[in-house]
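Colleague: These are the residues of each chain, in order.
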Amino acid sequence: MSRFKQKGSKELPPISTSSLPDIIFMLLFFFMVTTTMKQADVFVKVRPTSATEVVKLEKKSLVSYIHVGPPLQAKYGTNSRIQLNDRFATIEEIQEFITKEREARNENERKQLSTSLKVDKETKMGIVTDIKQELRQVGAYRVSYSSTEVKKMDL
Amino acid sequence: MARNTPQVNAGSMADIAFLMLIFFLVTTTMEVDTGIMRQLSPPPLKDQEPPKFKDRNIMKILVNSSDRLLINNKIGDIKTLRDDVFDFMSIHHNDATYPEVSPKSIDIIGDVYVSRGLISLKNDRGTSYEMYIKVQNEIAAAFTELKNQVAMKHFGKNYDKLLFEEQKDAVSEAVPMRFSEAEPEDIGGK
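Protein chains in written order, with my numbering: chain G, 1 to 155; chain V, 1 to 190.
Hints are supplied without guarantee of correctness; some may be wrong.
Claimed, not checked - Only pairs whose alpha carbons sit at most 30 Å apart, straight line, appear in this in silico DSS-like list of lysine-lysine:
id : chain 1 : residue 1 : chain 2 : residue 2
1  : V       : K46       : V       : K104
2  : G       : K111      : V       : K46
3  : G       : K56       : V       : K46
Unchecked claim - Incomplete in silico selection of chain V near chain G, CB under 10 Å:
id : residue
4  : A10
5  : M13
6  : M20
7  : V32
8  : G126
9  : T127
10 : Q136
11 : I139
Please keep in mind that the hints were generated in silico from the structure rather than gathered at the bench.
All C-beta atoms, glycine included, are put in the ideal place defined by N, C-alpha and C.
Construct the entire structure; sequences and hints are all you get.
Modeller: If you want it as structure tokens, here you go:
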């Protein structure tokens with residue numbers, strides 16, 4: 001005669017999934033905090049240069065990007081071209097682009113604006129020099145030559 | 001007796017959260033953007049005379065359209081550029097082949113000699129971007145080594161390991177980043 005009578009069936013109770021949404025939300029918030037929105041699609045091929053003396057670009061919202069490289073689609077030619085936002089542009093459009101980027105920020109952030117040049121390594125300096133001259137004209141003096149960090153240079 | 005409100009079925013909550021998670025995974029990037037930071041100089045005024053420097057104070061680096069280097073009218077090599085710049089910018093007393101030095105009194109460090117040398121870089125329109133970045137990187141690396149040397153001497157640490165901003169400022173003052181890029185000119189073929 002058993003003193004403790006087993007209640008109910010002997011089957012395992014179903015695992016409670018009520019905390020699953022919480023776990024997923026936690027993951028979601030983690031990704032929302034650690035990542036940033038993707039920039040415009042890139043139409044040009046940018047093989048990055050490498051360097052040892054690199055610094056991290058801190059506030060990504062205060063960076064304007066200029067992509068330079070040979071177009072991915074052959075119909076646009078094989079010479080390096082400039083991409084601003086999501087279209088091809090000419091040298092003359094850079095000043096307007098920087099002015100617009102500046103106007104989109106509030107007063108005290110404007111001074112911290114910098115320009116990141118993402119240039120394909122086989123590009124000739126002529127086009128880069130032209131871009132630099134335009135940036136100087138419009139007063140965008142802070143420039144970052146985007147490069148991947150390596151421990152030792154391959155000279 | 002209060003009527004119980006029926007329970008909302010939360011079974012699909014996980015699916016909704018998953019949907020949002022996948023949306024964020026697709027639309028965002030995690031890559032860190034790194035690069036060589038440089039400050040461009042303001043454009044020169046129309047009738048502005050270019051500043052004059054003594055020949056011994058200036059190290060002219062030219063890069064031509066076939067990525068070869070000319071350092072002070074001698075053929076240079078990218079492999080030795082870092083040491084060349086380091087040697088040129090180091091303090092040499094009473095040596096006419098090196099730049100002049102001037103005494104300077106800096107907070108925390110005290111009296112030091114500061115080189116008056118200047119690195120001037122000029123490239124051709126036909127220089128490849130990769131070579132340009134290499135040259136920029138080697139010059140920056142030489143200045144980092146100079147800063148490390150001063151920081152090690154006075155604080156026993158490398159420059160990037162210094163904990164206080166004042167120490168970093170003092171070292172930067174003792175080793176100013178004297179580097180300029182020449183106004184572009186059209187030389188050589190495109």
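Colleague: Give a verdict on every hint.
Modeller: Here's how the hints hold up against the structure:
Using a Cα cut-off of 30 Å, the hinted pair K46/V and K104/V is violated, with the two alpha carbons roughly 34 Å apart. Annotation: proposed proximity of K111/G to K46/V holds, straight-line Cα distance about 25 Å (limit 30 Å). At most 30 Å may separate the alpha-carbon atoms for a hinted pair to count; K56/G and K46/V exceed this at roughly 36 Å. For the restraint placing A10/V at the interface with chain G, the shortest Cβ-Cβ distance is roughly 7 Å, inside the 10 Å limit, so the hint holds.
The restraint placing M13/V at the interface with chain G holds, with a minimum CB-CB distance near 4 Å, inside the 10 Å limit. Taking 10 Å as the C-beta contact cut-off toward chain G, the hint placing M20/V at the interface holds, the least distance being around 6 Å. Given the 10 Å rule on beta carbons, the hint for V32/V holds: about 6 Å separates it from the nearest Cβ of chain G. Given the 10 Å rule on beta carbons, the hint for G126/V holds: about 6 Å separates it from the nearest Cβ of chain G.
Interface restraint check for T127/V: the shortest CB-CB distance to chain G comes to about 4 Å, inside 10 Å, so the restraint holds. With a least beta-carbon distance of about 7 Å to chain G, the hint placing Q136/V at the interface is held under the 10 Å criterion. With a cut of 10 Å, the hint placing I139/V at the interface with chain G holds, because the nearest CB-to-CB distance is about 9 Å.
The earlier numbered hints that this structure contradicts are 1, 3.
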